[in-house]
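Participant: Okay, here's what each chain looks like letter by letter:
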Amino acid sequence: DAKTTQPPSMDCAEGRAANLPCNHSTISGNEYVYWYRQIHSQGPQYIIHGLKNNETNEMASLIITEDRKSSTLILPHATLRDTAVYYCIAGPWGSNYQLIWGAGTKLIIKP
Amino acid sequence: DVKVTQSSRYLVKRTGEKVFLECVQDMDHENMFWYRQDPGLGLRLIYFSYDVKMKEKGDIPEGYSVSREKKERFSLILESASTNQTSMYLCASSPPGGAQYFGPGTRLTVT
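Here the protein sequences line up with chains X and W, keeping their order.
Residue numbering for the first sequence follows the numbering used here, beginning at 1 and increasing consecutively.
Residue numbering for the second sequence follows the numbering used here, beginning at 1 and increasing consecutively.
This is chain W alone, in the form it adopts within the complex (with noise of 0.2 angstroms):
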């Protein structure tokens, strides 16, 4: 079976910390990517990757970065966390022509 992990399930930061999320996949997939999901807006793209050390914007990548130096793991970063940014935070993974596999999802709340 395909595995994502998530590095939380649950995260709780003050605003202007600096926030790393861990995904990490088994499958050798190329591709991966970093979702958030709000009540109501449905699942946006913030940034995905199909290689190592590469990346590409998603719909909302505005206060995130990410970084891919192995091809197992995908981090997102939030530089200083705001409180706009309390959400659940959704790692998938693919193969080049194939469907995602979501992890479990990091429920981060900023205060």
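Looking at chain X on its own, in the form it has when it is part of the complex (with noise of 0.2 angstroms):
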């Protein structure tokens, strides 16, 4: 599976858009890129996952480069309760089990 380069923090201050990057270059055709957030003392949370398209749910967007070495989380708007660990990972969907997990992004949001 690709391996996936996160920075290990970052501040974004409440109301603002954060912007959490994430680095794949050896994603391969198949690999999909999923995010997780793992608030403190807490277990994972799916957030988002795309192959290749832009997406967008309740809680985020998934901006995807076009040559799919990188992507991008977007919570548009973030709160306190947004603090965590996010964790971007690629593997091939359905294969839980092959998913590597990183030491993912810590988001502080700021008051």
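You may find that some hints are simply not true.
Said to hold, decoys possible - With a Cα cut of at most 25 angstroms, we get these calculated DMTMM-like pairs of lysine to aspartate or glutamate:
1. Lys3(X) with Asp59(W)
2. Lys3(X) with Asp38(W)
3. Lys57(W) with Glu31(X)
4. Lys3(W) with Glu58(X)
5. Lys106(X) with Asp38(W)
6. Lys3(X) with Glu56(W)
7. Lys55(W) with Glu79(W)
As the list claims (entries may be wrong) - Cβ-to-Cβ under 10 angstroms is the rule here; a few derived chain W residues that face chain X:
8. Val4
9. Arg9
10. Asn31
11. Phe33
12. Leu41
13. Cys91
14. Gly97
15. Ala99
16. Tyr101
17. Phe102
18. Gly105
If you are wondering where the hints come from, they were derived from the structure by calculation, not from laboratory data.
Think of the CB as a built atom: it goes at the ideal place given N, C-alpha and C, for glycine as much as any other residue.
Take the two lone chains and join them into the complex the hints point to.
Facilitator: Printed below as a string of structure tokens:
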């Protein structure tokens, strides 16, 4: 599975858009990009996934570059409850057992 | 809402004890997973199961076994607990081609 690279930490002001980058330069054609987040003392929570088109749901938007080597997760109006570790993972859809979880990005939303 | 529950949030056991961690999901998911999470190492897959009585080793199965007698329940067993098994244990479930839903985790301390 493709390795992903994320910044270890980021800050964002409450109410602003939080843009979390992820690099996955070795991603292969059948691998999706998944995003999960883990709020302190809880299990990870699924956010969104995509293959090559941009995706949006009630939680976030996912922007994937045309060459698929990087992506950005956007939380449009960050709140204090969005403070969490965000994981970007690449792998074939339906092969959860193959996903490699890195250290993620610690996003801190500041009032 | 999908709900994955784990039998304990915190557990303290002694070296050599047999430890059972229970996980129950209420969404009729075929797949279930056990991970451990340690600082700086991300989530690592211990075992997963794609059907009742079926199990597959993950990346770090040594020292662990699992049991899945019913679809909704997946148990992780530490046959003889050791201090290096002190960790956060996370259970997850998913449909065959879907995202994973995680439980709240069990923080196990082996003394």
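Participant: Now, for every hint given, state plainly whether the structure supports it.
Facilitator: How the hints compare with the structure:
Note on Lys3(X) and Asp59(W): the hinted pairing holds, with a Cα-Cα distance of about 16 angstroms set against a maximum of 25 angstroms. For a cut-off of 25 angstroms, the pair hint linking Lys3(X) to Asp38(W) stands: about 19 angstroms separates their Cα positions. Taken as a hint, the Lys57(W) and Glu31(X) pair is honoured in the structure, with Cα atoms around 22 angstroms apart against an allowance of 25 angstroms. Of the pairs offered as hints, the one joining Lys3(W) and Glu58(X) holds, with about 19 angstroms between alpha carbons and a cut-off of 25 angstroms not exceeded.
Distance hint between Lys106(X) and Asp38(W) is fulfilled; the C-alpha atoms sit about 16 angstroms from each other, no more than 25 angstroms. This hinted pair checks out: Lys3(X) and Glu56(W) have alpha carbons roughly 23 angstroms apart, not beyond 25 angstroms. Annotation: proposed proximity of Lys55(W) to Glu79(W) holds, straight-line Cα distance about 17 angstroms (limit 25 angstroms). A distance limit of 10 angstroms between C-beta atoms decides the matter here; for Val4(W) the minimum to chain X is near 7 angstroms, and the interface restraint holds.
Hint on Arg9(W) holds. Least Cβ distance to chain X is approximately 9 angstroms, under the 10 angstroms limit. Evaluation of the Asn31(W) hint against chain X yields a held restraint, the C-beta minimum of about 7 angstroms falling below 10 angstroms. This hint holds: Phe33(W) has a C-beta 7 angstroms from the nearest C-beta of chain X, less than the 10 angstroms allowed. The criterion of a C-beta within 10 angstroms of any C-beta in chain X is met by Leu41(W), whose closest approach is roughly 8 angstroms, and the hint holds.
The restraint placing Cys91(W) at the interface with chain X holds, with a minimum CB-CB distance near 8 angstroms, inside the 10 angstroms limit. Below 10 angstroms, beta-carbon pairs count as interface contacts, and Gly97(W) has one with chain X at about 4 angstroms; its hint therefore holds. A hinted interface residue such as Ala99(W) counts as satisfied when its beta carbon comes closer than 10 angstroms to some beta carbon of chain X; here the least separation is about 4 angstroms, so the hint holds. The interface hint given for Tyr101(W) holds, since its Cβ lies 7 angstroms from the closest Cβ of chain X, which is under the 10 angstroms cut-off.
A least Cβ separation of about 3 angstroms between Phe102(W) and chain X falls short of the 10 angstroms threshold, and the interface hint therefore holds. For Gly105(W), the suggested interface contact is upheld, since its CB lies about 5 angstroms from the closest CB of chain X, less than 10 angstroms.
Violated hints are absent here; each numbered hint is respected by the structure.
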